[in-house]
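*Asks:* Dock chain W against chain D, hints included.
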Amino acid sequence: MSDEPQLRIILAKLGLDGHDRGLKVVARILRDAGMEVIYLGLRQTTDSIVAAAEQEDADAIGLSMHNAGHMTLAPAMVTAVNDAELGTPVIVGGIVPEEDVQPLLDKGVAAVLGPGASAEDVAQTVRDAVAAAG
Amino acid sequence: MSLKPFATPWPPPAEMGKPKRSIDELYAAARGGERRALGRLLSIVERGGQDADQISDLAHPDAGRAHIVGITGAPGAGKSTLVGQLVRDLVGAGKKPAVLAVDPSSPLTGGAILGDRIRMDDIVDPGVERTSAFIRSMATRGHSGGLALAVPLAVRLFDAAGYDPVIIETVGVGQVEVDVVGAADTAVVVMTPGMGDAVQANKAGLLEVADVFVVNKADRPGANDVRRDLDLMLDLSHMTGQESETGYRPPIVMASALNAEGSEEVWATVEKHRAHLDESGLRATRRQHRIRTEVRARLAQAMAAAAEATMDGDGATLLRQAEAADISPTQATNELLTHLLNKGPAS
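If you're matching them up, the sequences are chains D and W in order. Per the working numbering, the very first residue in the first sequence carries number 1; after that it's consecutive. Per the working numbering, the very first residue in the second sequence carries number 1; after that it's consecutive.
Bear in mind the hints are in silico, worked out from the structure with no lab data behind them. Don't take every hint at face value.
Stated by the list, open to error - Pulled a few chain W residues facing chain D out of the computed Cβ check, cut under 10 Å:
1. I23
2. G111
3. I113
4. A284
As the list claims (entries may be wrong) - Residues of chain D clear of chain W, computed beta-carbon distances all greater than 10 Å:
5. L16
6. H19
7. H66
8. A68
9. M71
10. A76
Given the structure is predicted, the values throughout are model-derived calculations rather than measurements. Every residue gets a Cβ at the ideal spot worked out from N, C-alpha and C, and that includes glycine.
Same shape as in the complex, but just chain D:
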């Protein structure tokens, strides 16, 4: 517990994707890194995530994707966040083929975390994304 502002992170699965084991692991990793995780869980929409980000004053939005919909859904999330003028960085984790990573980053996704990222990597990526968003 330090004097640094406490980071508040929203974690959600966007759309039809029932694989939430990974998201629960990430929630625990971020909690153990001293962050506050607002856990939205399954079957969220860009609307419901934006609504939560607004009310919770979230520092970042973490999306877990295991349904191969990342090229559609992740940019849609970025657009929704921009439309709401929230400026909240969107971080994608889960299964994203390597060739899709740069296109996602080009579309405004703040970072992509692949399988095998260590707990330190996950926490540091979130911290970096929040710091870069200002």
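*Replies:* Positioned in the frame of chain D, the structure of chain W alone reads:
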């Protein structure tokens, strides 16, 4: 397969990022209905300190209208699900409810998993939520002292921003949580079957603060036993003179929040208690009690900070003497206390 995260510095467009606005600007925007601004202010309130005090002073003249409802009960009792139902009903009735959902922080890392929204978002339509209701999760952030300061301030802010009722949801463990709920206008205690008999509820100290009891999961076996045990305990309160002077006896409502049963009756019962507060004149007493609880918590926090500062500062010599066993801890304490109190009010 790469084992590395593909993190790259994110270049945010110039117009993005959270706009830096003054507290006055944020407050004006929040009063005007801007939810993002209210969200920001709540974060400042949570951090505490002078900025939080400024928000409290700003909100104070505009607050005082909202009915404050505390909802507590054991983990898993169905509080969040019930609150989700209540919010949906209230929005349907044209009201603007705000919810403060409190969850514990890890004492080891300071982190927290705030999982109350997951129940409520399933019930409350996000479109509706973005216009008529406001749900905010709050972590207890380590020592309980912070909660006792942040909750009343967040409630004041919701109240000033035009939300009514303001619902505080908290796990019914720990004195501070019980105090916070006990200081509401209406305190609702949620019980469930299978959590031990009413002796357990008596132990938790929740019976004394409850204005309304909800026996949730009433579709499960044992729900009527819980009701009977509660009734018996309430009879005992009557016998020992703990019953309120106005003869108000906390009603027991049976509910099954997951099946959307009972939430309307719960709210009707809260409204009855609200009417009782107005008719009996107890509303003013509640408010006085609430202010007293908040001021006490603020004083305690300020004095604890002063005590720490003194032990590290001009009282260090006395502390060293006690550590070296030259004087007793009580002697050191009394001298430090005299020293602290003689310093006069903090500037």
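*Asks:* So, against the hints stated earlier in the document, which numbers end up violated here?
*Replies:* 1 and 4
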